[in-house]
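J.: Going down the list, the sequences are from chains A and B.
For the first sequence, full-length UniProt numbering gives the first residue as 1, with consecutive numbering after it.
For the second sequence, full-length UniProt numbering gives the first residue as 1, with consecutive numbering after it.
Calculated from the structure, these hints are not laboratory results.
Be aware that a few hints might be false.
Intra- or inter-copy, both count: the list cannot distinguish identical chains.
Said to hold, decoys possible - Below, simulated EDC-like cross-link-like pairs (lysine to aspartate or glutamate); rule was C-alpha separation at most 20 Å, straight line:
{"#": "1", "residue 1": "K331", "residue 2": "D278"}
{"#": "2", "residue 1": "K437", "residue 2": "E413"}
{"#": "3", "residue 1": "K331", "residue 2": "E214"}
{"#": "4", "residue 1": "K32", "residue 2": "E210"}
{"#": "5", "residue 1": "K417", "residue 2": "E434"}
{"#": "6", "residue 1": "K209", "residue 2": "E34"}
Number of protein chains: 2
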Amino acid sequence: MADVLNGEPYPSTPQELFKSITAQGEIVRSLKAEKAPKDEIDSAVKQLLSLKINYKEVTGQDYNADSPPTNSRPNNSGEPGTTEGEEDFVDPWTVQTSSAKGIDYDKLIVRFGSSKIDKTLIDRIERVIGQKPHHFLRRGIFFSHRDMNNILDAYENKKPFYLYTGRGPSSEAMHVGHLIPFIFTKWLQDVFNVPLVIQMTDDEKYLWKELTLEQAYGYTIENAKDIIACGFDINKTFIFSDLEYMGSSPGFYKNVVKIQKHVTFNQVKGIFGFTDSDCIGKISFPAIQAAPSFSNSFPQIFKDRTDIQCLIPCAIDQDPYFRMTRDVAPKIGYPKPALLHSSFFPALQGAQTKMSASDPNSSIFLTDTAKQIKNKVNKHAFSGGKDTIEEHRQLGGNCDIDVSFMYLTFFLEDDDKLEQIRQDYTSGAMLTGELKKTLIEVLQPLIANHQARRKEITEDIVKQFMTPRKLFYDFQ
Amino acid sequence: MADVLNGEPYPSTPQELFKSITAQGEIVRSLKAEKAPKDEIDSAVKQLLSLKINYKEVTGQDYNADSPPTNSRPNNSGEPGTTEGEEDFVDPWTVQTSSAKGIDYDKLIVRFGSSKIDKTLIDRIERVIGQKPHHFLRRGIFFSHRDMNNILDAYENKKPFYLYTGRGPSSEAMHVGHLIPFIFTKWLQDVFNVPLVIQMTDDEKYLWKELTLEQAYGYTIENAKDIIACGFDINKTFIFSDLEYMGSSPGFYKNVVKIQKHVTFNQVKGIFGFTDSDCIGKISFPAIQAAPSFSNSFPQIFKDRTDIQCLIPCAIDQDPYFRMTRDVAPKIGYPKPALLHSSFFPALQGAQTKMSASDPNSSIFLTDTAKQIKNKVNKHAFSGGKDTIEEHRQLGGNCDIDVSFMYLTFFLEDDDKLEQIRQDYTSGAMLTGELKKTLIEVLQPLIANHQARRKEITEDIVKQFMTPRKLFYDFQ
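Using the sequences and the hints, build the whole thing.
T.: Okay, structure coming up:
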């Protein structure tokens, strides 16, 4: 191909532009080396110049191969800034906004070059599966996608595809926010009846955190229990630890090394903001998160088939990994994975940040008791209500910034009831205390039921899910 | 530790100094962050300043964290230069000297910070093993080492150790020079009766060359036959393909990721001259060549023992990998590998370069017929003789630059005969034609015997050598 974009949306961040210029430069060089036809070279050079002009517009600086743009993190300490008017920042390690409404997802779609999940797509999903789409879709919690129409085409044509999602096991403690992609993925597995692979990136956590390999693997096992408790079908689901699976699969490492051959340090620098002081493990890790996107990474499931497309439901902060994966896929002869992106689950304190597993009051944990849930919601859930009852009755509350209401959009399945609450709270008919009570009454049984299901998950069941094996599904 | 050198020889190359400064800087920062005692910080700062002064002396420039010294390759094309007076250059991909005598190995020992294999060490080896050391040791072909005395201590104290060597399978064609480390390693295995692991870096060759994974793996199998034909004991030898073993060992990847966590891009940039345009596979590969240095990479052989020291016989150009490995070892709680370094086997055209598998006339290949050997030696072996017989008789030949004589030092085992040839050729009593004839008569049966042994190596035998399994040896 003579154009690095190859039909992909035009890059808009300095990092993406830098990456595209580097790649397009390589294309021009190889066309010249191959003595390609003049018009082909001219067109590639034109594309290169256009990218460079855009780069200068966006960064105010000329392109310089030796100095990629820094991934302008909000500040060096990793602490979220609070200055008004700052741009949102989203990458796999930092999510930051200054707005109490949370990240501006419409802007993020433009910036990441993905597509909005609009009514047309939701309607098509409903038609294809013959049932009401999950409320995460109906309510815009999964709000962005890449190539979802390809997946629906495949399903309609009875062509196989599979699901891939994952988790970085950084501690034993998982909170309700961590369940979002798994709840949705289970629904996808049920309606499409397809195999699912779940990657536990314990190697990543070992590389990024102060953990031993044994601790990271221990978290994999504990987190796997919570994931299994979401109800996945053991006949259609394979959960794997990177640390373990790399050493027990004939196909996984081969794909990792294929991907690693086709991604340069300049590229991961641009996409992930790595620096020369980062360890070589971090630098090469993106290939390990990319590899499960390709079906022959799982020969026990798909044999040596390389043509089975993958659909990845994940939070939008993981998209950089899969933008990179989609860049590489055609170079190594594999289909690009499709994606469904979710918004972030807000911290109790407000939608400015993601929840933190290290702050017990920032979220509802899967181990919380009914009493803890009640106290946390009452004490910590940021309210969009007014300061006094009188004022609230008169002016009404603000659902857009009220964390209890946001949580209800995630977990209260009844659309009518949710709409009623919105109206009552907005009008002032419903008080903050009543709203919180409703949320508590939704969360308490949800968590209690999860805990009951998790209690049934024995080490042996975990082992079964984590054993590389054949899966049962329709298109075998 | 407050000193990055930690007993290691003081770094002398710009690359090593840069790396030490970076590491020492990190030590100073962490001491300050931990609020360590003032004298400890002062001593670390002093060491840092001393390194920076040395860096300026060696490079003529101030240390700048953002611009590591380039690994000043002789020129960009990769072609060997021939200008007189240039410094020798040695790294895993390029070996270059302007001297017909070959690399100046004494200088290389100083530059790499290794130790000379001197008479004292050779005498100790003879005492310890109770037999005459291999002629590769007696003749200085293996000329440099790290920590060989530790290995001899271990052997004397009946403590276990193991051997590790390897090959990058870049083509089916192996030449006699490729056999040197294997011939020597077989001798070490015989005299010490220890297990041996042989790494085939087919992943490396895939990353560096225009090869498919299948081609690289195919070369592994073909090259393994030539290696097995050297006579290794199947009960004590495990040969592995990286592409295959990574996916079949529970211990290997865990060590790879441990190493990758403790090496930064700055470090591999300094050691190997990688750039931002290199693929992330190359950047992380050094950890894969390092991992077999640690015994728990082979749980089927050593179970979970991490304390069994490793001895690596290899050509000196591989030392950068193991300098890095020795840096990392104490950080992850493993013993540093010991090394025995060989000099380079000269090309037929002269000792200025290593032989090249891509030029059939640059060396004697293991597939050459008796006739090809005769023709190649007669036609291409660079001669240290004089232009006319009269002149030669009068002035004598120069063994130091004569490739036929060099080859005899590798392959003619009889010390007395070799010494006689040296005297006769130097005096002019022996003519170049006679010297070449002697070499041909040594090489022809050597290659024919190798071919006969290789013919006996079936796919099944290769498979046995390459199956992860228990090995038999004394200290189990």
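J.: Regarding K331 and E214, is the shortest C-alpha distance of 20 Å or less found within a copy, between copies, in both, or in neither?
T.: between (36 Å within a copy, 17 Å between copies)
J.: Tell me, please, which holds for K209 and E34 at an alpha-carbon limit of 20 Å: within, between, both or neither?
T.: Answer is between; shortest inter-copy Cα gap is 18 Å, intra-copy 46 Å.
J.: Can you give me the call for K32 and E210, within, between, both or neither, at a CA distance of at most 20 Å?
T.: between (48 Å within a copy, 19 Å between copies)
J.: At most 20 Å between alpha carbons: which applies to K331 and D278, within, between, both or neither?
T.: between (27 Å within a copy, 16 Å between copies)
J.: As a check of your reading, is K417 near E434 (CA-CA no more than 20 Å) within one copy, between copies, both or neither?
T.: within (14 Å within a copy, 102 Å between copies)
J.: If the cutoff is 20 Å on CA atoms, where do K437 and E413 land: within, between, both or neither? Let me know, please.
T.: Answer is within; shortest intra-copy Cα gap is 16 Å, inter-copy 91 Å.
In summary, the structure agrees with every hint in the numbered list given earlier.
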